[in-house]
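As a plain string of letters, each chain reads:
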Amino acid sequence: MTLHFRSIEEAGTERIHRLLDLTEHMAAVGRRPNPKVPALRGKTVCNLFFEDSTRTRMSFDLAAKRLSADTMTLAVSSSSVNKGESLRDTVETLDAMGVDAFVVRHQTSGVPWQVAGWTPAAVINAGDGWHAHPTQALLDAYTIRQRRGIANDFSGLKVAVVGDIRHSRVARSTTDILQLLGAKVVHVAPRTLLPPTSDVATTSNFDDVVGEVDVVYMLRMQRERMGAGLVPDGGEYSRRFALDERRASALRPDALLMHPGPMNRGVEMMVDPTELPQSTILDQVTNGIAARMAVLFELLGSGGIEE
Amino acid sequence: MQQHNMLLAGGTVIDETGERRADVRVREGIIIEISSDLSAGDDELVDIAGCIVAPGFVDLHTPLRETAMPQAETIETGSRAAALGGYTAVVAMPNTDPTQDCVEVVEFVSKRGREVGLCDVRPSGSITIGRAGAQLTPFADLAAVGVHLFTDDGSGVQDEGVMRRALEYAGELGVVLAQHCEVASLTKGAVMHEGECCSHLGLPSWPALAEELMVHRDIELSRLTGSPVHLLHLSTARSVELVRAAKADGLRVTAEATPHHISLNDERLTSFDTRFKVNPPLRTTADIEEVKKGLLDGTIDAIATDHAPHPPVAKDRPLDEAPPGMLGLETALGVARSHLDCSWQHLLGAMSWRPAKIAGIDDQHGRPIAVGEPANLAVIDPDSQWEVDPSALASRSRNTPFIGVGLTARVRHTVYEGRIVVRDGKATA
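So the sequences go chain by chain: A and B. Quick note: the first sequence, position 280, residue 280 per the numbering used here, numbers continuous. Quick note: the second sequence, position 159, residue 159 per the numbering used here, numbers continuous.
These are computed hints drawn from the structure, not numbers from a lab. Don't be surprised by glycine CBs; every beta carbon is placed ideally from N, CA and C. Don't take every hint at face value.
As the list claims (entries may be wrong) - Here are some, though not all, of the chain B residues that point toward chain A, as calculated from beta-carbon distances under 8 Å:
(1) Gly202
(2) Ser205
(3) Leu209
What the hints assert, rightly or not - Counterexamples of contact, computed for chain A against chain B with all Cβ distances above 10 Å:
(4) Asp21
(5) Leu87
(6) Arg88
(7) Val111
(8) His131
(9) Arg172
Unchecked claim - With beta-carbon atoms standing in for the labels, derived distance ranges:
(10) B:His339 / A:Asn205: 45 to 51 Å
(11) B:Asp424 / A:Asp89: 36 to 42 Å
(12) B:Glu321 / A:Glu24: 57 to 63 Å
(13) A:Arg191 / B:Arg114: 55 to 61 Å
(14) A:Arg191 / B:Ala184: 46 to 52 Å
(15) A:Met270 / B:Glu321: 50 to 56 Å
(16) B:Gly146 / A:Glu10: 49 to 55 Å
(17) B:Ala248 / A:Lys158: 39 to 45 Å
(18) A:Thr192 / B:Gln345: 48 to 54 Å
(19) A:Gly229 / B:Ala429: 41 to 47 Å
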């Protein structure tokens with residue numbers, strides 16, 4: 001059985017702990033004058049991106065290069081894929097070129113599982129539909145661990161995830177990893193932006209939790225949702241669920257303010273987070289490379305990191 | 001194909017009138033003698049010791065595809081799949097291209113069915129032109145060429161006013177309108193049942209309510225107009241309850257359920273395998289239990305397959321792009337027998353004589369097994385334990401959800417118009 005990294009749930013507690021420790025190691029490698037190691041020399045990583053995502057793609061690309069893997073990238077918006085060729089044809093064609101790992105991003109849930117059925121290579125989920133984004137979850141958990149100076153036990157930590165939970169793979173995966181590590185999560189959203197059912201605590205009153213929690217995790221609110229009748233309008237959404245100055249000043253001094261990026265300034269973010277000491281947003285970007293190096297190394301590495 | 005003169009010897013006859021040990025002699029398409037211990041004489045002796053002889057099955061819900069997607073199925077491959085499943089008649093769904101909304105298309109399907117000659121292909125007509133939900137099709141002209149069941153299957157008639165007029169107009173003609181119950185505004189982009197599983201998988205969802213609202217609406221429209229309505233592929237607990245109440249009120253409401261809706265739940269989609277995408281979607285275990293109860297107590301009259309062939313090139317796509325539907329004809333009996341705890345007579349009624357009456361073809365199908373009756377028969381091995389081998393399916397597609405699933409009971413022979421069209425589980429033509 002090939003090992004994949006497709007969801008937090010599938011990976012399980014033991015692997016997540018190991019990957020967090022490995023991420024720390026990779027972050028240390030990244031701080032060296034020469035951050036490149038030969039660990040994956042001769043391995044080929046194929047980035048298969050059916051949805052625009054410059055940041056995640058570049059982060060994976062750099063992570064693979066830091067490990068000395070060869071990379072290739074197929075970035076296509078799904079609409080431009082030749083309708084005569086099935087997804088399976090595409091994967092089988094690339095597989096025939098000799099790929100050790102596919103990094104898959106797709107706007108539909110489940111595609112990384114389908115891809116794994118068509119290739120013997122390892123599959124890394126770089127975001128599927130509204131379902132999962134496990135490397136984002138890993139970098140988020142690592143960022144909390146690093147900033148709080150704690151190990152892999154998050155018990156006692158309270159986290160509010162705010163915004164469009166229903167359509168967010170980040171919300172699902174990050175909630176999964178935080179709960180797995182023992183944190184308490186609350187989802188903050190109107191009913192229309194929550195999944196049909198949920199066993200996570202929920203509230204639609206951001207003000208009730210903003211000054212209470214250890215972490216405020218803001219989600220990106222996509223502008224196209226505004227027109228879909230899920231919320232009355234952007235102004236009302238911002239008044240109820242954005243981080244504005246009043247709420248920013250209510251944040252606890254030791255709290256963390258997180259966002260997966262890219263931010264929608266003027267929608268969910270009404271303040272400049274770079275001016276807030278609580279913000280971890282750029283740390284998340286930096287740590288993303290280490291987390292992805294950890295996953296690639298776990299799946300493809302055989303010897304040590306340094307050789 | 002030649003008619004066979006044969007003696008089906010050693011089996012147990014089960015039909016609407018009861019169950020008895022008897023040999024059945026068929027000559028020139030007609031049952032001419034029934035008695036115990038007949039001798040074959042010049043007729044071919046077909047030894048069916050241990051088997052059940054039943055009237056051939058009738059499927060109320062068979063998309064045959066020929067004009068729309070011949071790479072998925074043709075009338076020939078679909079008829080062969082039907083015969084292998086024990087069916088001697090299928091109602092061909094109108095969601096073809098062009099739509100079965102006019103006499104020419106309907107006659108083409110009937111004619112092609114007769115040429116193939118493996119089962120009785122009875123085209124349905126659409127309720128509205130092009131299944132667009134607006135203008136009624138010529139019900140009377142279509143009824144004159146043999147159409148009895150009208151449906152826009154694939155989608156429901158959304159407009160209440162259109163459906164009311166359709167029922168009023170159909171009532172005086174003696175035809176039956178059948179509804180695919182789905183309020184489209186509640187199912188936009190939906191891939192699976194709305195509940196815990198879809199929340200977890202992040203897939204757009206199809207709430208049970210979208211079916212139940214239309215079931216309720218059409219029951220009330222039947223009450224208003226006095227016209228019969230047949231509810232296709234019911235999938236939710238509340239739908240069954242609504243139909244049960246309608247029947248208690250004496251309304252002319254009939255209903256069907258598919259083998260997959262009594263055997264597979266929505267958790268199958270956690271594999272993200274597109275074979276489990278179907279419309280209406282697989283529901284919860286609680287829904288499955290209620291649909292089964294409905295079949296057992298007669299609230300749901302018939303088992304219908306909604307046999308929906310799709311080639312791999314269509315199913316090897318992301319879940320939102322992959323078309324809904326799964327194969328059903330060749331596995332229906334085995335799945336139904338394996339999941340319904342009832343007498344053989346009750347089960348066969350749901351597969352043969354009850355759907356034959358709904359389809360208005362009970363002069364030829366689902367008949368008692370008696371002297372003078374047409375020889376449309378299914379011979380069943382009730383104890384056969386088997387697994388589906390997708391490469392052995394007659395259908396042009398392979399999208400069965402039952403690969404590797406152990407099933408009980410299998411069709412051994414199918415006799416259509418006095419000809420053995422399936423012998424020992426293999427099509428003869």
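Taking the hints in turn, this is what the structure says about them:
For Gly202 (chain B), the shortest C-beta to C-beta distance to chain A is roughly 3 Å, which falls under 8 Å, so the interface hint holds. For Ser205 (chain B), the shortest C-beta to C-beta distance to chain A is roughly 6 Å, which falls under 8 Å, so the interface hint holds. Because the closest C-beta pair between Leu209 (chain B) and chain A is about 11 Å apart, greater than 8 Å, the hint is violated. No beta-carbon of chain B is positioned within 10 Å of the beta-carbon of Asp21 (chain A); the least distance is around 28 Å.
The non-interface label for Leu87 (chain A) is inconsistent with chain B: the shortest C-beta to C-beta separation is roughly 6 Å, within 10 Å. The beta carbon of Arg88 (chain A) sits about 4 Å from the closest Cβ of chain B, which is not more than 10 Å, so the claim that it is off the interface is violated. A cut-off of 10 Å between C-beta atoms contradicts the statement that Val111 (chain A) is not in contact with chain B; the least separation is 5 Å. For His131 (chain A), the condition that its CB be more than 10 Å from all CB atoms of chain B is violated, with the nearest at approximately 4 Å.
The beta carbon of Arg172 (chain A) sits about 6 Å from the closest Cβ of chain B, which is not more than 10 Å, so the claim that it is off the interface is violated. Hint check: His339 (chain B) to Asn205 (chain A), Cβ distance near 47 Å, so the stated range 45 to 51 Å holds. For the pair Asp424 (chain B) and Asp89 (chain A), the supplied restraint of 36 to 42 Å holds, since their beta-carbon distance comes to about 39 Å. Taking the beta carbon of each, Glu321 (chain B) and Glu24 (chain A) are about 40 Å apart, not inside 57 to 63 Å as hinted.
For Arg191 (chain A) paired with Arg114 (chain B), a C-beta distance near 56 Å keeps the hint of 55 to 61 Å intact. Our hint of 46 to 52 Å for Arg191 (chain A) and Ala184 (chain B) is violated, since their Cβ atoms are close to 22 Å apart. At about 38 Å, the CB distance of Met270 (chain A) to Glu321 (chain B) disagrees with the hint of 50 to 56 Å. For Gly146 (chain B) and Glu10 (chain A), the Cβ-Cβ distance of about 54 Å falls inside the hinted range of 49 to 55 Å, so the restraint holds.
For Ala248 (chain B) and Lys158 (chain A), the hinted distance range of 39 to 45 Å is not satisfied, since their beta carbons lie about 53 Å from each other. In this structure the supplied range 48 to 54 Å holds for Thr192 (chain A) paired with Gln345 (chain B), their Cβ-Cβ distance being about 50 Å. With their beta carbons about 55 Å apart, Gly229 (chain A) and Ala429 (chain B) fall outside the hinted range of 41 to 47 Å.
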